[in-house]
Amino acid sequence: MTATLIFLLLLLLGLFLALRPLLGPKEPFPEPPRREELLEELEVLKREVGALEGEEKKLALARMVELERALEGYRPPEPRPFNPLPVALVLGAVVLLGVGLWRYTLPRLPGETTVTARAEARELKALSDKAKKTGAVEDLLAWGRKAFELGVYEQAAEAYLEVLKKDPRNVEAVRRVGILLFLSGRPEEARLFLEIAQHAEPMAAEGWLFLGNLYFQEGRYGEAIAAWERYLEVGGEARERVQGLIAMARAQAQGGKDGKSVYQARCAACHGARGEGGVGPRLQGNPILKAKEAVREIVLQGRGTMPAVPLAPEELSALLDYLDSL
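Anchor point for the sequence shown: position 217 equals 1204 in the working numbering, and the numbering is continuous, going up by one each time.
None of these hints come from the bench; they were simulated from the model.
Glycine residues also receive a C-beta, built at the ideal position from the N, C-alpha and C atoms.
Accuracy of the hints is not assured; some may be wrong.
Claimed, not checked - Using C-beta positions, here's what the derived DEER-type ranges look like:
hint, residue 1, residue 2, range
1, Arg1226, Gly1122, 18 to 24 Å
2, Arg1105, Gly1209, 28 to 34 Å
3, Arg1132, Glu1182, 21 to 27 Å
4, Ala1192, Asp1154, 31 to 37 Å
To be verified - Taking lysine to aspartate or glutamate pairs in the EDC-like style, the calculated list, with each CA pair at most 16 Å apart, reads:
hint, residue 1, residue 2
5, Lys1119, Glu1141
6, Lys1112, Glu1159
7, Lys1045, Glu1024
8, Lys1117, Glu1149
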């Protein structure tokens, strides 16, 4: 709403600037008087000249001669030609400004972000509207899958929770709710959902991946390794990444409190083995790492989908030093 008002104000300002040459002040030099004005002044002088004397009479006669000469060669002033160029330039700038505001500041469709295309957002909205209208499990699942794919996790959670209300045994919904709980920093609840889902459908690769991430984050390295190995067994696609996670978990299980070990134990599952990003954002080259206090607060208290990571002071200090090296 605010962006719309700003756009309208700027549009009005642009129109004012475009029309200002037509409505603005006159030229600094007045236009020549009209013929009627010259004739009127001449008639007044003729009536008054008889009553004048001396120098005043001479000036009046001289002015009468000047007026008569002006009337003999009188030509009405030519109208100023209209120059459309300034108006076109201003209107063009207003149109460009309006397009920019519409593209980058006006409210977007639900699910539309700088990452998702407007077509995808329209598709997500259509699926959402259909699911809310019909309430069918199939439609709710289609909505939830699309929202999960686009990273619109609030809508994904809404859709899958509605599925569970209608079909509590729907394994996909149970698994996805568990994943969303993990991403929102609620590992204990997430573990319950994920373990139930993987017991019911052990061939679902994504469930083993996130269950391994959860165990790893809790320091349960043996269980994390087992979950990730199951992920590889059932054909998970991120083989190279998960193999790296398994290697780090095995190394971490042997101990180590240096910054790299702390990172591998508590951060790599989501942010990648070398901070290249994964479930969590990329850390390599991330400018927030320059603000250590901000990073300290995020690690200890969590933010957004990142859960709080309880660390001892020496572990946190070592981790912050390691993050500086990424």
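Hint by hint, here is what the structure shows:
1. Arg1226 / Gly1122: 18 to 24 Å: violated (39 Å)
2. Arg1105 / Gly1209: 28 to 34 Å: At roughly 47 Å between Cβ atoms, Gly1209 and Arg1105 fall outside 28 to 34 Å, so the hint is violated.
3. Arg1132 / Glu1182: 21 to 27 Å: Check passed, 22 Å falls within 21 to 27 Å.
4. Ala1192 / Asp1154: 31 to 37 Å: violated (22 Å)
5. Lys1119 / Glu1141: holds (15 Å)
6. Lys1112 / Glu1159: Roughly 21 Å between the alpha carbons, so the hint for Lys1112 and Glu1159 is violated.
7. Lys1045 / Glu1024: violated (22 Å)
8. Lys1117 / Glu1149: Roughly 14 Å separates the two Cα atoms, so the pair holds.
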